[in-house]
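Q: Please work from the sequences and hints to get the whole structure.
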Amino acid sequence: MKRWAMVLLLALVIAAFLSPFASPHPDGLERVAEDLGFLKKGESPVLRFSPMPDYTVATINDERVSTALAGVTGTLITLAFAWGWTKLISK
Amino acid sequence: MHIPDGFLDAKTAVATSAASLAALKYSMTKVKEELGERDVPSLGVMAAFIFAAQMVNFPVMAGTSGHLLGAALAAILFGPYSASLILSAVLIVQCLFFQDGGITALGANILNMAVAATFVASCVYSAVKKLKFSGSEIAAVFLSAWISVLVGAFLTSVELALSGTVPLNAVIAPMMLVHAVIGIGEGIITCAAVGYVRRFLDGKSGACANSEAGGETN
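Taken in sequence, the protein lines are chains A and B. Heads up: the first sequence begins at 281 in the working numbering, then just goes up one per residue. Heads up: the second sequence begins at 5 in the working numbering, then just goes up one per residue.
Worth flagging that the hints you see were computed from the coordinates, not collected in a lab. Ideal placement from N, C-alpha and C gives every residue a C-beta, glycine not left out. Just to be clear, a hint being listed does not mean it is correct.
Taking lysine-lysine pairs in the DSS-like style, the calculated list, with each CA pair at most 25 Å apart, reads [unchecked claim]:
| hint | chain 1 | residue 1 | chain 2 | residue 2 |
| --- | --- | --- | --- | --- |
| 1 | A | 367 | B | 29 |
| 2 | B | 15 | B | 36 |
| 3 | B | 36 | A | 282 |
| 4 | A | 320 | B | 15 |
| 5 | B | 29 | A | 371 |
| 6 | A | 282 | A | 367 |
| 7 | B | 34 | A | 371 |
| 8 | B | 34 | A | 367 |
| 9 | B | 133 | A | 321 |
| 10 | B | 133 | A | 371 |
| 11 | B | 34 | B | 136 |
| 12 | A | 367 | B | 133 |
Computed spacing ranges between beta-carbons, pair by pair [what the hints assert, rightly or not]:
| hint | chain 1 | residue 1 | chain 2 | residue 2 | range |
| --- | --- | --- | --- | --- | --- |
| 13 | B | 15 | A | 320 | 42 to 48 Å |
| 14 | A | 331 | B | 22 | 24 to 30 Å |
| 15 | A | 342 | B | 136 | 50 to 56 Å |
A: Below, the structure written as structure tokens:
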């Protein structure tokens, strides 16, 4: 097994088993935007084609399973995208 | 601190996009010089790891959360140029597939988190490490991670103010304060992750040599 597989494995474990238990509270920028009253300005995304908005899979009702699935999918998409991008330029 | 659509005006969106495009183009030529095909899997896995870790929001203060940025982690292990590509890949996937960060703010988010945060982290890490006191390695990791979050928060505040969304004097103090706390989490997670990841991934370590802090053009 390649050495980098150990890090990928940890990433997949985090995405599948830790992300469903992430804090649901707003992040720093959202908190400040809410406190200063400009959060509403950011509530209409220009593009709505994202397949998994807010890290959820629409067809799955269980919130934790939905987040875990979105997390694992996103981890693999990021792997493929970053791998492909760097492979293209490192040739 | 992913900026959504609607927070930035057109001029700020265009200016930040132009700046991050220029910075990424330069990073790509540097990565081409530095890296061989052998290093490609490590960069891909680093990006995947940061994506996963960014999903895990941790609580800070009442009713607020933060999550890892990963700019310092990537910069320490791979240097600023590769790190900027790694973070950009994460931000692009988050924007397109998960509606996290607006498409019109993608340039700004890349500038703040993938360009400026990685370059500053890389410089802080090198500078502190050079002091060579006992524990300078761990101090360098923690401090670069903490500061990278503040750099992102500072630029975000400036961009919001330039866009007329909120006055700078109103936004700067709360943004820096909350991110100073989130940055402590960033520092702890980065310290914990850097050793594990370094054992398994190959990469150029985070030299700061001739790295113009690419984000400051805005």
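Q: CA of residue 36 (chain B) to CA of residue 282 (chain A), is that 25 Å or under?
A: At roughly 23 Å apart (the allowed maximum being 25 Å), residue 282 (chain A) and residue 36 (chain B) satisfy the hint.
Q: Against the 25 Å threshold, does the CA-CA distance of residue 29 (chain B) and residue 371 (chain A) hold or violate the hint?
A: Roughly 16 Å separates the two Cα atoms, so the pair holds.
Q: Are the Cα positions of residue 133 (chain B) and residue 371 (chain A) separated by 25 Å at most?
A: violated, 33 Å
Q: Run the distance test for residue 15 (chain B) versus residue 36 (chain B): straight-line Cα separation, threshold 25 Å.
A: violated, 32 Å
Q: Within 50 to 56 Å or not, the Cβ separation of residue 342 (chain A) and residue 136 (chain B)?
A: Distance hint for residue 342 (chain A), residue 136 (chain B) holds at roughly 52 Å.
Q: For residue 34 (chain B) and residue 136 (chain B), compute the direct alpha-carbon distance and say whether it is at most 25 Å.
A: violated, 28 Å
Q: Against the 25 Å threshold, does the CA-CA distance of residue 320 (chain A) and residue 15 (chain B) hold or violate the hint?
A: The hint holds at about 21 Å.
Q: Starting from the range 24 to 30 Å, see whether the pair residue 331 (chain A) and residue 22 (chain B) falls in it by beta-carbon distance.
A: holds, 29 Å
Q: Given the hinted pair residue 367 (chain A) and residue 29 (chain B), is their alpha-carbon gap at most 25 Å?
A: holds, 15 Å
Q: What's the verdict on residue 367 (chain A) and residue 133 (chain B), does the C-alpha distance respect the 25 Å limit or exceed it?
A: violated, 31 Å
Q: Taking only the CA atoms, is the gap from residue 34 (chain B) to residue 371 (chain A) under or equal to 25 Å?
A: holds, 13 Å
Q: Just to be careful, I want the Cα atoms of residue 282 (chain A) and residue 367 (chain A) compared with a cutoff of 25 Å; is the pair within it?
A: Since the Cα atoms of residue 282 (chain A) and residue 367 (chain A) sit roughly 17 Å apart, the hinted pair holds (cutoff 25 Å).
Violated hints, listed in ascending order, are 2, 9, 10, 11, 12 and 13; each of the other numbered hints is respected by the structure.
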